[in-house]
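Participant: All chains should be modelled from the sequences, with the hints used to inform the complete structure.
For the sequence shown, numbering that gives the first Met the number 0 begins at 0 and goes up steadily by one.
Treat the hints with care, as some may be off.
Stated by the list, open to error - In silico DSS-like cross-links for lysine-lysine, where the CA-CA straight-line distance does not exceed 30 Å: (1) Lys102 - Lys24; (2) Lys161 - Lys133; (3) Lys133 - Lys26.
Read the hints as simulated data drawn from the structure, not as lab findings.
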Amino acid sequence: MTLIIIILTILISVNAFYKPIFFDKLKFNPYRTSHQKEFWRLITYGFIHADWIHLGVNMFVLYSFGNVVFAYFNIVFPGKAIFYYLVLYLGGLMIAAAPAFGKHKNNIYYNSVGASGAVSAIVFSSIVFDPMNKIYLFFIPIGIPAIIFGVLYLVYSAYMDKKGADNIGHDAHFWGGIFGFGLTIALKPELFLYFLHRIIG
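Facilitator: Right, dumping it as structure tokens:
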């Protein structure tokens, strides 16, 4: 399932790189979403990216964590893994776009693209299953326990969103992560005890 999403995202993103009209039709523009009822943008924006680096980073992280989460879903939700995985991913896109929709629905110039919110949902879902898994970052030579990485990531995202000093959708990262963690536990509440046990154990 993860590979299918990656291939689809790459194909659509690359096509959009060279076709501005296609790109414009799919990007998330809260004004057009609200006033022109183009609600498909709440999902399609996650299948296009600003540039090759943006696309590469998101797809690399998705590949790194997506297969792991899908494998867990197959164990925990037999027969429903594909459905729940798509709810996690597509729901992550919509939830991640919600804050920007609320803040910018009357701003015709605001646009957003990229799968970061959905990818954050996948990463934080993986934290539920294995909170002590080591996450390695390019600039840090030692592994960071996933639960610590998750907390730091949320704090950083909230801080940078409040600061508003760049063009990165930090609020999408924050709420995508919260959604991924919360949905995974909501689908099977026993996972929260499993999560705590893995940390304490």
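Participant: With reference to the structure, classify each hint as holding or not holding.
Facilitator: Hints and how they fare:
1. Lys102 - Lys24: Roughly 21 Å separates the two Cα atoms, so the pair holds.
2. Lys161 - Lys133: 29 Å, holds
3. Lys133 - Lys26: Since the Cα atoms of Lys133 and Lys26 sit roughly 34 Å apart, the hinted pair is violated (cutoff 30 Å).
Taken one by one, the earlier hints fail for this structure only at number 3.
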